[in-house]
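Chains as they are written, first to last, in this note's numbering: chain A, 4 to 354; chain B, 4 to 354; chain C, 4 to 354; chain D, 4 to 354.
Any given hint could turn out to be false.
[As the list claims (entries may be wrong)] Pairs of lysine-lysine, DSS-like flavour, derived with a Cα cap of 27 Å:
(1) 337(C) / 30(B)
(2) 325(A) / 291(A)
(3) 325(C) / 284(D)
(4) 30(C) / 215(D)
(5) 55(D) / 291(C)
(6) 55(A) / 179(D)
(7) 148(D) / 133(D)
(8) 102(A) / 284(D)
(9) 30(A) / 179(D)
(10) 113(D) / 325(C)
(11) 133(C) / 156(C)
(12) 55(C) / 102(B)
(13) 133(D) / 215(D)
(14) 325(C) / 325(D)
(15) 133(A) / 30(D)
(16) 291(A) / 325(B)
(17) 337(C) / 55(C)
(18) 337(B) / 30(C)
(19) 325(D) / 30(C)
(20) 347(B) / 30(C)
(21) 325(B) / 55(A)
(22) 291(A) / 30(A)
(23) 337(B) / 30(A)
(24) 291(A) / 347(A)
(25) 113(C) / 325(D)
These are computed hints drawn from the structure, not numbers from a lab.
Number of protein chains: 4
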Amino acid sequence: MKRLLFLLALALPVMANAQMSNDDVHKYDHTNQSQYRNEIAIPGFDGYHTLKCDFHIHTSFSDGSVWPSVRVQEAWQEGLDAIAMTDHLEYRPHSNIVKAGHNESFNIAKEEADRYGFILIKGTEITRGKPLGHLNAIFIKDADKLDVDDPLKAIDIALEQGGYIIWNHPGWPDNKSTMYPVHEELLRQGKISAYELYNCMESYPLTFDWYKEYGIAPMANTDIHGPVAIDYADRERWVRPMTLVFATERSEEAIREALDARRALAFFHGTLVGDAEYLTKLISASLKVRNLGNGRMEVTNISDITYTMDQGDALYIFPAGKTAMVPVLSGELKVRNCLYGNGKNLMYSFE
Amino acid sequence: MKRLLFLLALALPVMANAQMSNDDVHKYDHTNQSQYRNEIAIPGFDGYHTLKCDFHIHTSFSDGSVWPSVRVQEAWQEGLDAIAMTDHLEYRPHSNIVKAGHNESFNIAKEEADRYGFILIKGTEITRGKPLGHLNAIFIKDADKLDVDDPLKAIDIALEQGGYIIWNHPGWPDNKSTMYPVHEELLRQGKISAYELYNCMESYPLTFDWYKEYGIAPMANTDIHGPVAIDYADRERWVRPMTLVFATERSEEAIREALDARRALAFFHGTLVGDAEYLTKLISASLKVRNLGNGRMEVTNISDITYTMDQGDALYIFPAGKTAMVPVLSGELKVRNCLYGNGKNLMYSFE
Amino acid sequence: MKRLLFLLALALPVMANAQMSNDDVHKYDHTNQSQYRNEIAIPGFDGYHTLKCDFHIHTSFSDGSVWPSVRVQEAWQEGLDAIAMTDHLEYRPHSNIVKAGHNESFNIAKEEADRYGFILIKGTEITRGKPLGHLNAIFIKDADKLDVDDPLKAIDIALEQGGYIIWNHPGWPDNKSTMYPVHEELLRQGKISAYELYNCMESYPLTFDWYKEYGIAPMANTDIHGPVAIDYADRERWVRPMTLVFATERSEEAIREALDARRALAFFHGTLVGDAEYLTKLISASLKVRNLGNGRMEVTNISDITYTMDQGDALYIFPAGKTAMVPVLSGELKVRNCLYGNGKNLMYSFE
Amino acid sequence: MKRLLFLLALALPVMANAQMSNDDVHKYDHTNQSQYRNEIAIPGFDGYHTLKCDFHIHTSFSDGSVWPSVRVQEAWQEGLDAIAMTDHLEYRPHSNIVKAGHNESFNIAKEEADRYGFILIKGTEITRGKPLGHLNAIFIKDADKLDVDDPLKAIDIALEQGGYIIWNHPGWPDNKSTMYPVHEELLRQGKISAYELYNCMESYPLTFDWYKEYGIAPMANTDIHGPVAIDYADRERWVRPMTLVFATERSEEAIREALDARRALAFFHGTLVGDAEYLTKLISASLKVRNLGNGRMEVTNISDITYTMDQGDALYIFPAGKTAMVPVLSGELKVRNCLYGNGKNLMYSFE
């Protein structure tokens, strides 16, 4: 009977049907919203889909505070397309209670992901003090094999498994975004493929140009430890950072291909950072213009990202999902919430 | 100088540019949201656009309490596509103060409509006690000419002008949806082309089948008198009733063509009433299905209308703009918020 | 019968009862929210009530776009305690249509105010170009008598009627907050008793010290012309500016007494400006502290105003209506959203 | 260093200070809302405080999916005053991974509770099939001691420890609210002190009179397994059920005293169920009346519970935190959302 209960408990979050009321019981199952997913509207371009991803996630199997299956439920519900499970290899403060290998949190979450048809990427976090700091290895096959003394060896093992290395939060915990010789060497060897210019609740402006200087992908990830509703509790959708990946389809393979091609932007607190070409294409795909023929134009923003621009003394706000009426705009506008480098705002022209 | 001030005042609502702050003045012009329009997502079908219309509107020129230009600002801002100005011919309680002919409120509003590129339909309300009651004449040319003693004569004059007659709120004010001989005669003659099964804040269930029994278009209109934010103040988008018109394009002519072909549905408080064919096509255009291959399917509702269905003991909610996960559904479901007659719920099947 | 209809129409906004549904008609009268008032929580102090007031209001009788009764409905509904009707004497662009004396808009609104038990103050706006600019005369008896050629004479007539003079938007329309000799003279004579440091959607930082330099009351008023839901359409409560008046009771007389004693603060966009003593007392009345005895304290903000403070590198936000947990705070904190002069932030200490 | 990291991780949720931005790092720590608590406004009466409690809570130590500390964070953040930790004794599906005794989840959560100054009650759930079903033992001292074969013995051990027994979800899982002989015997012996008439997402109308028939306290508890934001994800405050306890102060002892005196109401989905006296007093404490002297009265609802009443054909809604204007009401009104038994609505009179 316990087994039956267990199955029922697991099944609950993905069943949308509610038995209706009778004299004996009134059911309000529809109030359980785990069966409802917010859709985040961000259009694609050039045939690519814009996938909303978070490549840095913890559970109670390392130092987080939720069971792995919760990560899938949260991410699906919030409208993400993919997450990577990246529990620490070395830092497991609950290990006196939670007894499991390094692949277990992924395996548990994977069962849930399959229920939702959700993309779950296997990963782990190689966790050392500075200078090296923390690095995520994702797209790996066996996390246990990376649990070795030498972190550079762990990186090599990950790469041999087909892994992909992200340099996490370069400015944490000392608030200095220092690139040490070890990073320069790893970058030179092509072993680091991406970095977080935004992590959790902080951004590192001095790193905003690294994506092009080093040919790596820019990322914004949560590094989440608590439930998403606590760590980003006001539920403003954009408070949760995400990495936008421009992929040929919604699949793990397509995400990997896009990351290898560095088709990604970091998105946090309403701000986008990365390649000017992608920023421009994303805006063009989002803002639809209708010239009214009376000196004014309507700009309909079909995306969930609000764009704010200025030109001379004038400020123009194009709210997410709304239409703004503005004078017919010509020439370049400075986009306040799009940066292609530290202090470098995208200049945008309505054609 | 007064002239200049006047122009400035009129221009304000349609200028989105805000001078930025300096030492002397800080401007917050972006907080004036008259320059922002909500977009209501309701997809079209069969090549038709779904236009959101309100064919019953008053101003302070009859017994309303706002200047005509406000009606355009409100409607544009709320995401409507067209409204008809229908001030009473006979009931003008402010006439000791507001001195103007019957076309004046339209003319004032039309100036504003042209600024917004908004569709404004000329109309008026022929206002008598029961049995005849109230009728809107829209698509007319000169409202002054309808101000005659005999209301049946007024109807004929409207029709001679190319007008279109709507029977307003059949159940008001006596809470009886009585069809009197005068209506039967007008219907027989083809002079009444539409009726309100919902008006202001009340619906008339006994009339829910009339659209097909008499070959007329079903409508839900506001009959609004106060500012929309007072009469429908909780700002839940769907509290404001609207008539959905399935038109070949967004133009006054296309609306007329669609109404003549009775391609319309009444929409109020989340409920749609009208032809089963249109209801079915609207749902199909709104709900996108993805079968997960594990006994479940995702249903993404791309519209702003929430659909609620049941089958046996199970209740299924497909929230506006969200994705619901449900078991793979086969067979017919009863759609709670879609009626093709009094007490007649649409039955819907996912293909 | 028309008279009956008229009475019905007027009565509608203040009737909260809805006839329930039967077979013939379903009523949704509860969706008309004109019968519901938001309560704005701002505590009083020293035995004073904090009244939320707007002393600058227009209607379609001058250059506004709503009927006077609407101003009462809006203000009551939004939680204000009092407004002053201040249609322009000289600028009446609708006067070819709207034929009425200068007291008529007040009289119409007063009937509505009496239905709501709402405080409505009689006023008018003396409207000239710079240097004099615009001045509101409120607490007057007969606006018609102020319609004279010499604006200084109009001021004297207002004062003879027991009026109170407000210098409106000193920085409009030239974005220069210039005090001209005429103002210095009027201030010297004690004829100007208040000024707007915030008007409509702009603030005048250079005037933020005037309240104490000249012994006048600081004000933030809307100068509203359109419906409040259009001019401040995103419905964030604090977007509508207001003048907070610390009065012995909720009555017109008490407001006047408080204004004469200059017990007022300007409140706009979450920012309070005025006397440091009132700012301090308002914060103390709003923030309730509970020391947890473990190095932390809970600060419960019982008001609807969010306070933001910093000290050294730390930022502390005390959200409206919520409890924040912070370290036990000692010493002075800089209150970001409270100014007692231009660029002069209040320093606040938790006792 | 790992120890340091661990302390940092634990401390994060209860620190409200954010280092401000510099060139190197921009911090957005204020977006972590674990430091902000919603305050739920429900007034007390007769000198009692109304405490918001949830006496049925699970964690990943039994079949839940969050770490115990999360339960404290969630409850504090949502504005609850107390929770009881009640992991199953017998049903622990994660026990192959999570290795711990029955007191461990309480102990971990207690550390967090002490950081927040939050009331955490020690408990456990005795979990059998029907007829006995599930019972919570709260206010116990040692949960390990209750892990015995005979559930009736476990109840006795709990009572010897000073425990308090709640009969959980009588209508689950068979949708039949059957009282079996074992319950009648336990009730006769005074061993069951409370029962859940609402659990998780379902209510048991047939039990709504039991509180007075058997002299036990009515409760509405969550029985929560997932993160609160998933199980009650639309974040409407009232979707989370709670047991209202009328206590002399905010302390564990006062809660116990109030429960022993059966001063409690069940609250779920906006509906209150329990003793008519408490319902009446709660409404009187919540609704403040001001007679306008013109046939109308203002009713200000200072609570966060909306009350809906009807009388004859009229419906009156008193929205949470708002003022409603209604005719002066005399005689009894039927309160739709207050029940003192199955199908028995409270009748309320404004004095």
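Hints versus structure:
With a C-alpha separation of about 24 Å, the suggested pairing of residue 337(C) with residue 30(B) holds against the 27 Å cut-off. As the CA atoms of residue 325(A) and residue 291(A) are separated by approximately 11 Å, the hinted pair is consistent with the 27 Å bound. For the suggested pair residue 325(C) and residue 284(D), the alpha carbons sit about 26 Å apart, so the restraint of at most 27 Å is met. Distance hint between residue 30(C) and residue 215(D) is unfulfilled; the C-alpha atoms sit about 37 Å from each other, more than 27 Å.
For the proposed pair residue 55(D) and residue 291(C), the alpha carbon gap of about 20 Å is at most 27 Å, so the pair holds. Taking the CA atoms of residue 55(A) and residue 179(D), the gap is near 45 Å; set against the 27 Å cutoff, the hint is violated. Using a Cα cut-off of 27 Å, the hinted pair residue 148(D) and residue 133(D) holds, with the two alpha carbons roughly 23 Å apart. Between residue 102(A) and residue 284(D), the direct Cα distance comes to roughly 52 Å. Violation of the 27 Å bound is thereby established for this hinted pair.
A C-alpha spacing of about 13 Å is found between residue 30(A) and residue 179(D), which places the hinted pair at or below 27 Å, so the restraint holds. Only pairs whose Cα atoms come within 27 Å are accepted, and residue 113(D) paired with residue 325(C) is accepted, the gap being roughly 23 Å. Only pairs whose Cα atoms come within 27 Å are accepted, and residue 133(C) paired with residue 156(C) is accepted, the gap being roughly 17 Å. The straight-line distance between the Cα atoms of residue 55(C) and residue 102(B) is roughly 36 Å, outside the 27 Å bound, and the hint therefore fails.
Between the alpha carbons of residue 133(D) and residue 215(D) the distance comes to roughly 24 Å, so the proposed pair stays at or under 27 Å and holds. This hinted pair checks out: residue 325(C) and residue 325(D) have alpha carbons roughly 18 Å apart, not beyond 27 Å. Among the hinted pairs, residue 133(A) with residue 30(D) is consistent with the structure: their alpha-carbon atoms are about 20 Å apart, no more than 27 Å. With a CA separation close to 23 Å, the supplied pair residue 291(A) and residue 325(B) stays within the 27 Å bound.
In summary, the hint linking residue 337(C) to residue 55(C) is supported, as the alpha carbons are separated by about 25 Å, within the 27 Å threshold. Of the pairs offered as hints, the one joining residue 337(B) and residue 30(C) holds, with about 24 Å between alpha carbons and a cut-off of 27 Å not exceeded. For the hint pairing residue 325(D) with residue 30(C), the CA-to-CA distance comes to about 22 Å; that is within 27 Å, so the pair holds. Restraint check: the Cα-Cα separation between residue 347(B) and residue 30(C) comes to about 19 Å, which is no more than 27 Å; the hinted pair holds.
As the CA atoms of residue 325(B) and residue 55(A) are separated by approximately 16 Å, the hinted pair is consistent with the 27 Å bound. Of the pairs offered as hints, the one joining residue 291(A) and residue 30(A) is violated, with about 44 Å between alpha carbons and a cut-off of 27 Å exceeded. For the hint linking residue 337(B) to residue 30(A), the alpha-carbon distance of about 19 Å falls within 27 Å, and the restraint holds. Of the pairs offered as hints, the one joining residue 291(A) and residue 347(A) holds, with about 25 Å between alpha carbons and a cut-off of 27 Å not exceeded.
Taking the CA atoms of residue 113(C) and residue 325(D), the gap is near 23 Å; set against the 27 Å cutoff, the hint holds.
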